[in-house]
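**Q** Chain residues, written in single-letter form:
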Amino acid sequence: MLASSSSTSFLQHPLPLALSSKHQPLAKPYFLRFRTHKTVAAACSAATETGQAQRPHLNFPVDQMASAASLYEVLGIPMSASCHEIKTAYRRLARMCHPDVVAINQKEASANDFKKIHAAYSTLSDPVKRACYDREIYGNQRRPYGSSPLSSAAAAAAMAGFPGRTRRNWETDQCW
Amino acid sequence: MAEPAYTVASDGETTGEEKSSSAFPEIAIGIDIGTSQCSVAAWNGSQVELLKNTRNQKMMRSYVTFKDDAPSGGVSNQHTHELEMLSGASIFNMKRLIGRVDTDPVVHASKSLPFLVQTLDIGVRPFIAALVNNVWRSTTPEEVLAIFLVELRAMAEIALKRPIRNVVLTIPVSFSRFQVTRIERACAMAGLHVLRLMPEPTAVALLYAQQQQQTIHENMGSGYEKIALIFNMGAGYSDVAVSATAGGVSQIKALAGSAIGGEDMLQNMMRHLLPDSEIIFSNHGINEIKSMGLLRVATQDAIHKLSFETSVQIDVDLGNGLKICKVVNQEEFQEVNREVFEKCESLIIQCLRDAKIEPDDVTDIIAVGGCSFIPKIKNLIMTTCKRQELYKGINPMEAAVCGAALEGAVASGINDPFGSLDLLTIQVTPLAIGIQADGNNFVPIIPRNTTMPARRELAFTTVHDNQTEALIVVYEGEGKKVEENHLLGYFKLVGIPPAPKGVPDINVCMDIDASDVLRVLAGVVVPGSQQPAIPVMEVRMPTVDDGHGWCAEALHRTFGSRLNLVTVQKKMQQ
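Chains A and B are the protein sequences, given in the same order. Note that the first sequence covers residues 1 to 176 in the UniProt record's numbering. Note that the second sequence covers residues 1 to 574 in the UniProt record's numbering.
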């Protein structure tokens, strides 16, 4: 709805400026603290639910994306994880990292951790968003199609014929 | 009982910082302040226990009676007859009135209550007064609530034999952040510190999560997720929550709520029995108040009876030659309250849709609150959820307060050797929070049902060439237009570098932190620059105190569209 459409418009933003670099220095220290963590950026950009203005982080150079921890790593699960395993991992991490369960002086750090975990969960627990995300990381890692287990096999099949940047645009159009 | 030590004159606000400042050695108690009834519960070391007052009651009527000497509430005091509460000297339904302005329909509906609710319809707080010795003595919902909370606190201190400071309160889903600050102020006036606030159905969800956790050994599929739909309807509010529960974690998927409740049904019935009751009672004379009280009691009794019987005979002499003698049946009651029931149904549908849950996927349906005894309510919940029966393991009147007490124990860091307190609630935002943009549209930045803590941002730009200032007006609610939503605050962004309209990139970020404190940040970037053009503004909300409608109007009158913003999307369309 609004959230997603607004982020679409962000992509179409006529300004020539690179969006990701533009946002980073915007608000210190808040934006910075939030942004510098690569996992966060990766998680947020893929979490389509969040939409708004997070999308620009997809414009990270490919190798930078690849070096960032994947959403699967955030939740500590294999890429073949079932929906049930994703939910279980999310709950297990929530029990450890939610600000309500940590000591008072760790609340802020844990809030950031939890946002990261939740972003990973909200992407991976939604089959459509997960497929998008899988295509994305597969594209970046340029892995051969056959080697992927389960869900990503479907994703890889879906993106056959859309190499490189073309694929990215196609994926963007479909998901937003 | 000790003399109440409330400090009604104090203007001292509970500061949010306090919320997260120190460790809490004592166990926080749970309080459910209902529109009509109130209860207190505490963790006793092995389970949650409802506390009783000196008259051995667990549920106490929520009202405060003003007298010559000192006011007294429904905890310590008991009227020999319901009518005494309706003499004009008692203020009740404060939960419906707190934090509302005089243009609010809920405030207008409260004008038929026996005490005085006066409105000027300009968007300021209503004038509320109790009749003491033929004098209308003014008060505020916060003050009434504070007096009541002082009694509850004294009662809990006697029952638990220790001083009480920390509390977990349940609030309706539809409460705005401004209303929450009013509740916190009332608590501060009563010397209580709000450790956490829980939307009522999420407290029920936590209790359900604990029950599921305890029965884990009995059923084999232990780790499996259970989806619960919780419908809570009391005298003042209706709330719905959909939660996913497993392993003691209650993850709230969606919330929906509205200020619709038993009070609305009562008023509809009163109008049905005496169509011009509002005109007759509008002048609030002594006799009228008495008649109004008689009608209210008779109608209330009739509604209660209709929960068990198909029809009821109402026979009441209101004095002044007004007599009501009528038989009312179920169908009539349902027809009179059709809109109320339709609203309940739409809340359930909306909540399921927001949670992306099909009725068939719901494991248990839990109906709680006083109105859950009404047959029509039970039916509509079961029909909407395509189910034959409701969950039976929860006491509908005690569920919310028990959940609050559990949360109190969890939040106080209490460990239970049997794992009964191995619980966590993952909350979501009950209402969208956004700013005014694209004319007088409300543009949400944090949508409703966003998992908390949360941080979201959205890009805006200027509407005029060389616009150097922008007014950021923050609202909370679900309406498409700003005037349908609740004003939380505003600030001006100044020093935007002059540029053609649509060029400056104004980024507005909203952050709800671990302590549920909302901060709004706004910054400006001009193309070609890597640095923010001006220092970023960070404002804690809500900032607006009273007089919201009035305030929004003043902003509009003074600034018009001069300092407006548009979303970047809107700009693309132009």
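What the hints contain is simulated information worked out from the structure, not anything from laboratory work. The beta carbon of each residue, even a glycine, is placed where N, CA and C say it ideally should be. Hints are supplied without guarantee of correctness; some may be wrong.
Each computed SDA-like pair below joins lysine to any residue, with the alpha-carbon atoms no more than 20 angstroms apart [what the hints assert, rightly or not]: (1) Lys107/A with Asp513/B; (2) Lys107/A with Ser412/B; (3) Lys356/B with Lys107/A; (4) Lys356/B with Ile86/A; (5) Lys226/B with Ile86/A; (6) Lys129/A with Lys356/B; (7) Lys129/A with Asn449/B; (8) Lys356/B with Thr88/A; (9) Lys480/B with Gln106/A; (10) Lys226/B with Cys83/A; (11) Lys107/A with Lys378/B; (12) Lys129/A with Glu553/B; (13) Lys378/B with Val336/B; (14) Lys107/A with Asp511/B; (15) Lys129/A with Asp354/B; (16) Lys326/B with Ala103/A; (17) Lys107/A with Asp354/B; (18) Lys226/B with Arg92/A; (19) Lys226/B with Thr88/A; (20) Lys226/B with Ser125/A; (21) Lys107/A with Ala411/B; (22) Lys226/B with Ala89/A; (23) Lys226/B with His84/A; (24) Lys356/B with Gln106/A; (25) Lys226/B with Lys107/A.
Only part of the chain A face toward chain B is listed, based on derived beta-carbon distances under 8 angstroms [said to hold, decoys possible]: (26) Glu85; (27) Arg91; (28) Arg95; (29) His98; (30) Asp100; (31) Val101; (32) Lys107; (33) Phe114; (34) Lys129.
**Q** All the hints need checking, so say for each whether the structure fits it.
**A** For each hint, the structure was consulted:
1. Lys107/A with Asp513/B: holds (9 angstroms)
2. Lys107/A with Ser412/B: Between Lys107/A and Ser412/B the Cα gap is close to 15 angstroms, so the pair holds against 20 angstroms.
3. Lys356/B with Lys107/A: Status violated; Cα separation ~30 angstroms.
4. Lys356/B with Ile86/A: holds (17 angstroms)
5. Lys226/B with Ile86/A: At roughly 15 angstroms apart (the allowed maximum being 20 angstroms), Ile86/A and Lys226/B satisfy the hint.
6. Lys129/A with Lys356/B: holds (14 angstroms)
7. Lys129/A with Asn449/B: holds (18 angstroms)
8. Lys356/B with Thr88/A: Distance of about 19 angstroms is within 20 angstroms: holds.
9. Lys480/B with Gln106/A: With a Cα-Cα distance of about 38 angstroms, the restraint between Lys480/B and Gln106/A is violated, given a limit of 20 angstroms.
10. Lys226/B with Cys83/A: Cα-Cα ~14 angstroms, so holds.
11. Lys107/A with Lys378/B: violated (41 angstroms)
12. Lys129/A with Glu553/B: The hint is violated at about 43 angstroms.
13. Lys378/B with Val336/B: holds (17 angstroms)
14. Lys107/A with Asp511/B: holds (14 angstroms)
15. Lys129/A with Asp354/B: holds (17 angstroms)
16. Lys326/B with Ala103/A: It is violated: about 62 angstroms lies between the C-alpha atoms, which goes past 20 angstroms.
17. Lys107/A with Asp354/B: violated (28 angstroms)
18. Lys226/B with Arg92/A: Status holds; Cα separation ~16 angstroms.
19. Lys226/B with Thr88/A: holds (12 angstroms)
20. Lys226/B with Ser125/A: holds (16 angstroms)
21. Lys107/A with Ala411/B: holds (13 angstroms)
22. Lys226/B with Ala89/A: holds (16 angstroms)
23. Lys226/B with His84/A: holds (12 angstroms)
24. Lys356/B with Gln106/A: violated (33 angstroms)
25. Lys226/B with Lys107/A: violated (28 angstroms)
26. Glu85: violated (10 angstroms)
27. Arg91: Holds, because the Cβ-Cβ distance from Arg91/A to chain B comes to roughly 4 angstroms (cut-off 8 angstroms).
28. Arg95: Arg95/A check passes; min Cβ-Cβ to chain B is 6 angstroms, inside 8 angstroms.
29. His98: holds (6 angstroms)
30. Asp100: Constraint on Asp100/A satisfied, holds at 6 angstroms.
31. Val101: holds (6 angstroms)
32. Lys107: With a closest approach of 4 angstroms, the Lys107/A hint holds.
33. Phe114: Phe114/A check passes; min Cβ-Cβ to chain B is 7 angstroms, inside 8 angstroms.
34. Lys129: It is violated, given that the least Cβ distance between Lys129/A and chain B is near 12 angstroms, above 8 angstroms.
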